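Asker: Here's the letter readout for the chains.
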Amino acid sequence: MKLKLKIWRQTGPTSAGRLVDYAADHVSPDMSFLEMLDVVNEGLIKQGEDAIAFDSDCREGICGTCSLVVNGIPHGPDRGTTVCQLHMRRFKEGDTVTIEPWRAVAFPVVKDLVVDRSAMDRVIAAGGYVSVNVGGAPDGNAIAIPKEIAETAMDSAACIGCGACVAACKNASAHLFMGAKISHLSLLPQGQAERQRRVVAMIEQADAEGFGSCSNEGECEAVCPKEIPISNIARMTREYMKAMLATR
Amino acid sequence: MKLDAKTPSGALAEKWDRHKFEMKLVNPANKRKYTVICVGTGLAGASAAASLGELGYNVLNFCIQDSPRRAHSIAAQGGINAAKNYQNDGDSVYRLFYDTVKGGDYRSREANVYRLAQLSVNIIDQCVAQGVPFAREYGGLLDNRSFGGAQVSRTFYARGQTGQQLLLGAYQSLMRQVHQRAVRLFTRREMLDLVVIDGQARGIIVRNLMTGAIERYAADAVILATGGYGTAYYLSTNAVGSNVTAIWRAHKRGALFANPCYTQIHPTCIPVSGEHQSKLTLMSESLRNDGRVWVPKKTGDARSPEQIPEAERDYYLERKYPSFGNLVPRDVASRNAKEACDEGRGVGESGLAVYLDFQDAIQRLGADVIKEKYGNLFHMYQKITDENPYKVPMRIYPAIHYTMGGLWVDYNLMSNLPGLHVLGEANFSDHGANRLGASALMQGLADGYFVIPYTIGHYLASTTQPKVTADHDAFKEAADNAQRQITRLLSVKGNRGIREIHRELGRIMWDDVGMARTAESLERALTAIPKLRDEFWNGVSVPGTPDNLNQSLEYAGRVADYLEFAELLALDALHRRESCGGHFREESQTPEGEALRDDENYAYVAAWEFTGVGRQPELHKEPLQFEEVHPTQRSYK
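One line per chain: the protein sequences are A and B, in this order. Residues 1 to 248 in our numbering are what the first sequence lists, from first letter to last. Residues 1 to 637 in our numbering are what the second sequence lists, from first letter to last.
Don't read these hints as lab results, they were simulated from the structure. Since we're looking at a predicted model, the values are computed, not measured. Be aware that one or more of the hints could be misleading.
[As the list claims (entries may be wrong)] Below 35 Å or equal to it, Euclidean Cα-Cα: the simulated DSBU-like pairs (lysine-lysine) are:
#1 A/226 x A/6
#2 B/252 x B/621
#3 B/371 x A/226
#4 B/383 x A/2
Produce the complete structure using the sequences and hints provided.
Answerer: Below, the structure is given as structure tokens:
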């Protein structure tokens, strides 16, 4: 099939960007969305033109690298799907497809569709861990953790850190991303010692990075490729309030 | 060159403890005076960088991705082995050691494997302490499953995302060290050269992928944890960014490359759907517990599967291996699928697939049970192929999945170049000619959390080094070398696509250096690869400029390295005139068509020394001695 593409091109972080028209003329329904872009790029490269820059790596929905807004929706129209797992059979002959980068103050554009998401690493660095050095860990079965709690923690831990939640949010909030990590660690006994410090430190770092706050729109949950529920944000907010009452 | 594995003396079970005591230590107050470079942030790299940061070393950690959390360890599905014996089913350190040596088809070093089995138990404890949400039983204790033909249940897992959860544990520990300024993190940096001064590894040259700047970093020791080289075959289950560049360029600076021909081909992947395909997706091998593998008996039978009556189907694994049936090991299952397709009995549009049929299991157990067991895999299959595996059989085909070969290292995980340490899939050390399922995660974390923190201290404390900075002439020479390659790539200005050439290389490798190799096919590859390399350097088109983010330039550099490395892989396969593990030479098989080792002539590690592009490399042999496990012929009939 043939598609019309409108793709965001921007040469560098400080330059102005614009949507540029491209034609994708040999699209097979079995292609993934990124393979469709590979083919467009192969054509550009053969003509000696600068290829469209976009991020991807594992191409099986787990590394969190791919980050495209397709027709206004981060990761495109399929629910619970990263854009690398979106297939072209979802589109039809003659469709116009607009492709843009994640847009948020905290995610400056590096080039074309590639953005800098290091702000999310700095939020984790502020407290998204259990502070244990290698060496003195007790036996893995020393603490029994009820299956239900382990499963709920795993539901939250499934976050792939792609940033779609931020890109979908009108406030560019990272609350779902943070809520997932804070839930994961505060549900487990291992995370108790730093429970209060962690939530305060991560939220302060997120504020400093320019992520917005949450106004309960639920856009994040709707686009999350791992379908992480918004209840993680509620849990984070409770943790934060408790921490503020206890420490200030 | 005499290869010294530096295996400690004494009884197998005491070697590591004794060695730990005998190794020299760096005083806690002196550790911060040492700078260690670590390239890679997967399980091995992130665990090493975090652990060394915790100890007080000054660590510089590099990765090509935009975040350390995206390294390809994240995609590992099944689990991680550990000899905990929590199930009371007869597991032990010795049994894990034995299974791993045998599974590697007697081509690994006993002492390394024993240490790996010993450390496996500490890994689980460490990961639990970090908050890794492993699967648990109702009583709250850790759950296990059996895996990859082992007779005990020793695999720990976190749903189908074990690699992700272990990597996030290591990543979080790493970010904690970054926060404490013990580790400096450099993302979107690609290592382009190793700097060797007076025979010692003293630094690296990287390209800042965002700005294009060539940067120099000096250190007292260098660690490479940069993964495997599966994408030499173009299509593999690896991430599209995985590459051989870091270890290949270290090889060109003198590090020996060991056993490059040991590649693992996984039997159950979703088949290729067309020319555009960029990667292959794995379907967990656990599916073979309930799925039956078959092809039509007739060649060229184009009927759809439900129209082929039972009597006209060939369940070839059940027919040929009555006692193991569909559960033969990965290498055997892969070779048999290829054989059926080569006979013209393959299915699907391309003819390069076999059926994995769940109809019997669904009738026996009900669709609900199958959904509970494999629901996520069936869902993923349907998403990619648009076919419903509850109704029609899955189509599967083997694909490159893991590479056992890598840079040669001794017992301390140091290469023949003093100061250069190599961890995880990037080294060759523990899996011999075939890796068992759920052992890759174990090795990466053992190397990073529990081996390198000791052995690097020993190296630093027992070595005298002059102080060097990145202004040294050797850094200038290496930076110029990296810059020259970039200029050369950009100045070809041909009209051939980079991907097109990579795809062509993959075709050569898969057809002639793939699942079944012959002297003839390997000779053919050895003629075709240099020819393709010439075509690349005379005809490739690399658009754009070097001074900003240029993914075409990055990709071209990696393909250029593969065009050199692939020749070494084929040459190693040609020289090893025996079959072992993932390396199957058709000339060397039993009367029943199984892999036949030649222990008399090939029980050694083949470590190759670089002598120039297109020149015959020099072979060094490290003989393998088996004092505990006696090599036998594997049979699955």
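Asker: Is residue 252 of chain B within 35 Å of residue 621 of chain B, Cα to Cα?
Answerer: holds (19 Å)
Asker: Residue 383 of chain B and residue 2 of chain A: Cα distance at most 35 Å?
Answerer: holds (22 Å)
Asker: Mind checking the alpha carbons of residue 226 of chain A and residue 6 of chain A for me, to see if they're no more than 35 Å apart?
Answerer: holds (27 Å)
Asker: Given the hint that residue 371 of chain B pairs with residue 226 of chain A, test it: the Cα-Cα distance must not exceed 35 Å.
Answerer: holds (19 Å)
Hint violations for this structure: none, all hints satisfied.
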